[in-house]
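*Asks:* Here is how the chains run, residue by residue.
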Amino acid sequence: MLCALAAIPILIAVAVRVSSAVPAGRGPAFLDRIAQNGLFVGVTAMVVSVPLFLPLTVGVVAGDTIAGEAGQGTLRYLLVAPAGRIRLLIVKYAGAAVFVIVAPLVVALTGAGIGAALFPVGPVTLLSGDTIGTGEAMVRLLLIAAYLAVSLLGLSAIGLFISTLTDVPVGAMAATVVLSVVAQVLDALPQLEWLHPWLFSHYWLDFGDLLRQPVSWDSFAANALLQGGYVAVFGALAYGRFITKDVLS
Amino acid sequence: MSAAGPAAELSIETTGLTKRFGRQMAVDGVDLAVPKGAVFGFLGPNGSGKTTTIRLLLGLATATGGSMRVLGEEMPGKLNDVLPRVGALVEGPAFYPFLSGAANLRRMDAADPCGSGATRRARVHSALERVGLTHAADKLVRAYSLGMKQRLGIANALLAPRELLVLDEPTNGLDPQGTREVRSLVRSLAADGATVFVSSHLLAEVEQICTHAAIMSAGRLVAQGTLTELRGAGQARIRVLTPDPGTAAQVLAGLGLTATLGTDGRTPGGAGSGAAGSGTDAALFASLPGAPAAQEDGGSSRSVERAAVQPEAVVAALVAAGVRVRGFATEQASLEDRFVALTGEGFDVVQ
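In the order they appear, the protein sequences are chains A and B. Residue numbers for the first sequence, in this note's numbering: 1 to 249. Residue numbers for the second sequence, in this note's numbering: 1 to 351.
For reference, chain B alone in the conformation it holds in the complex (with noise of 0.2 Å):
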């Protein structure tokens, strides 16, 4: 379709997007690259910016600055050729309260110009089936649950083929079951080579099933890349616990590492009384730049970059030394730390 080059192997680009509501910038010079065929997690708190860019995607709303293009195609000029393509759930799902689960989906796919009618019933069922939601297939809409409606929202975007689903919040209302059976349906989308963008705040969720995720604060995009990307780059850091602080602290200055005294509720109570005249432990951390993200894997799955400084290297050091080392450890910082460290603490999130 398009010429070759980076643009056509990414589902959506944007460059510069902004959404600006009178005085507020919604979204605010968003770059976004989601990779052709990942799963692509869009993180950010409560009024981030998340929806309004997946409104600005789907042309339901027209950005105030910026391009974008979705599927190699330029946005929103080709809006009617995209967006047969795109399957999509938008804050929540809505329907007519009056119409059967089919009959709101058949209204639907008549919406849409490419949806054939006659294939229209086949789809439908085939869509509804997917979700689980055969059983209630005839039952009015308003007597649907929270989670029934949520599942024939996801019925909607696969009521055809689609290269591209846009996913807003889709676990939003289910139960655990049904959570489940989400994830596996995003993970069989994204392995049958469809991209899926799911925005969420649940990072436990994207964890599992994202390839790639970008976080959103106050309508700006802070991080984006692939999962193990955006965990390694909240610094990996060690722990010491030792009680020879002001040794292993030069030890670690000789390594090119700031050490700083942790007082961290960690420290085993009763560390201090296992060798005699020896003091307390003291908890050092330091941070190792650049450090392997998949450390625990048995050493089998090595990271893209290499740790400038390795952690047995400093356990080896710290020991030449004469350091008494009690205890090591390398935390890997998680999603969920990279995202506070994002978007800020408790209530005090950026607006």
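The following block holds chain A by itself, in its conformation from the complex (with noise of 0.2 Å):
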């Protein structure tokens, strides 16, 4: 899956290589400044796939933390070892939570690997119309892969529980991803902005104050505070189900 991750900048770097310039403001954001910076495929490539590649592909791992074993039969065994349960579910979610923190690395990594490689890497413009040296600008990338780490440790949160619910992997790992996708259109409907601030996926997209001059932290530690609601509420509720569970698989 890292691999499939890795796939998207170096898509996007070849895509805009070979085309003509892309007309500015049409395509994903950012995507018009890759020809002149290649350190702008890993913003893109990370902008492109925070609505639906990575919540996938953090829905795949965290739903099939629990419900995997449990479909494979392994769960009685681990218990009976006895891994004990509540030490099961950690280790469980911290496995989990470091795939949340590499995947969005990963793009990132490699999308500032593949704009290097393909094109010029120089100075970068911010948001704010400050100017910051290569290396500067990398730290702001990784600050980004940040961002969408601490993004998803609700979602992955929420995937360790709807994984205690069942002992079919595919069933969990479809339930979380469809949940990222209606929180994101629940996010689009103003008609419900009372809720807006109370969904997981609501800061998904707010990196953009991490390309000012200087960071604004508001975006990052409101999303913290709200990833760390969710991690708290279905981290839980997984352990409240997860602890009086009948393993009969």
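Do not rely on the hints blindly, as some may be mistaken.
With a Cα cut of at most 25 Å, we get these calculated SDA-like pairs of lysine to any residue [claimed, not checked]:
(1) A:Lys245 with B:Tyr96
(2) A:Lys245 with B:Pro76
(3) A:Lys245 with B:Met25
(4) A:Lys245 with B:Gln24
(5) B:Lys36 with B:Ala191
(6) B:Lys36 with B:Leu79
(7) A:Lys245 with B:Arg107
These are calculated hints, taken from the structure and not from any lab test. Predicted model only: the values in this text are computed from it and were never measured.
Please dock the two separately framed chains into a single complex, following the hints provided.
*Replies:* See below:
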């Protein structure tokens, strides 16, 4: 799956490289900047993969955590070993969290790498108009990856909880991905504005603040707080469900 | 660990253990008593609640009612203290197909907080050796045959020295050699002092390796005890082959036995022609209450319970009364007879 994620920036870079210049203002954000500065491949790839591709892979990983072991029958042996239900749940969530951290990182670094290979790399002009050097730009790129990792922690907690409800891993994966899409659709409906700050996907694309000088941490903090709430709530639900679950698979 | 008393000598003890799924009682008031050091056969037709009971014992499922003690500790309260001392094979083996056999065992061992990492390699190796899988240790489990997976499952139960082994259908999918190996493995485990709890529906297997057994039927425990007790509880009966059924029946009645005229096909066809004017032989059956179970053992092994009526006394009485006894046999109920009597015949098994 990490390879599939790495394919996105490569696709974008190659497409931009072989095609004629992109007219400004069309396509995903920052796409028109790529030809001038290769570092933007990473940013563009992350923008492109946030709505579906990253949640998809995270949903697959988080949905598989418990249900995958149950479906395979290894869950009962892990519990009899005894792994301990709480310990198993924590380890499984930690595994999903590692994926959540690595996935945006792969997109960002592959993007920066392929961008540097195919396009000139130079100072980056930020949204605030300031210009920063390449090294500073890499730091910003990693910051965005970190922002996305935090953004997806809530979704992986939801996936973990759904995974404790079923013995069919595919069902848990699908449900998690569907939820992420539903949340984004709800977020797009102006009629439900009161609900928006509570949706786990609400801040997903707000990492533009990290491209200002000085960095504005407001959305990062708001996002971290929201995701922390989701982790707490769904972590508790997963715990409550898993600790009393009859393992019959 | 626990206070002295009967509880200390039982490896598994359940009282009124009950598990309900919706409206169905999967396990219904089961009182198991598995003595320490026993090889305990847990019998029952498919769907009689054996595996559910095992799941309850191992803390995989929560009991609806009743209490249980495993290795002298209250369950499921002391689950994490007890389980490292228990090796289990539950409802068939399950492994990660993309890992090798040895890697699977190492992973399972890592899940056990008591499994020391330093000795892991050695313990995995000796467990694989014990089930004869050393040659396939580095093969992916995906490429294992059913029997090899079963052996790997047993190896998983043997990763650490265990006080109790719970083996659910251990010989499932094994070839005759594998079955024999499992039998000798179970014996050697028992010889080392471990209690072995084997669930099975293969009666022959249980008769060969077990010292104790329990029979489940439709979620209830219908019989439990030593193998001898179980067989003995199914009444032994005598079979008298005689041309004088009337007199014989009177004699038997005098001894307190109720005779029934049998029509089994075992009456020899030519028997009637042997003595002139004797008529055809009739087979008379009568149950011997509390008959000794190990009758055929040259008289050396007397059962716990003396029979109220000894078979030799029956013959003597028959002969004294002038009954022409042409055949006499005591028939011991086998475990299979007992099993079928308790759980039903054919596909009419109670669900």
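*Asks:* All hints, please: hold or fail.
*Replies:* Going through the hints against the structure:
For the hint pairing A:Lys245 with B:Tyr96, the CA-to-CA distance comes to about 22 Å; that is within 25 Å, so the pair holds. Among the hinted pairs, A:Lys245 with B:Pro76 is consistent with the structure: their alpha-carbon atoms are about 13 Å apart, no more than 25 Å. Using a Cα cut-off of 25 Å, the hinted pair A:Lys245 and B:Met25 holds, with the two alpha carbons roughly 18 Å apart. Only pairs whose Cα atoms come within 25 Å are accepted, and A:Lys245 paired with B:Gln24 is accepted, the gap being roughly 18 Å.
Using a Cα cut-off of 25 Å, the hinted pair B:Lys36 and B:Ala191 holds, with the two alpha carbons roughly 12 Å apart. With a C-alpha separation of about 19 Å, the suggested pair B:Lys36 and B:Leu79 falls inside the 25 Å cut-off, and the hint holds. For the hint pairing A:Lys245 with B:Arg107, the CA-to-CA distance comes to about 23 Å; that is within 25 Å, so the pair holds.
Checked against the numbered hints given earlier, the structure satisfies every one of them.
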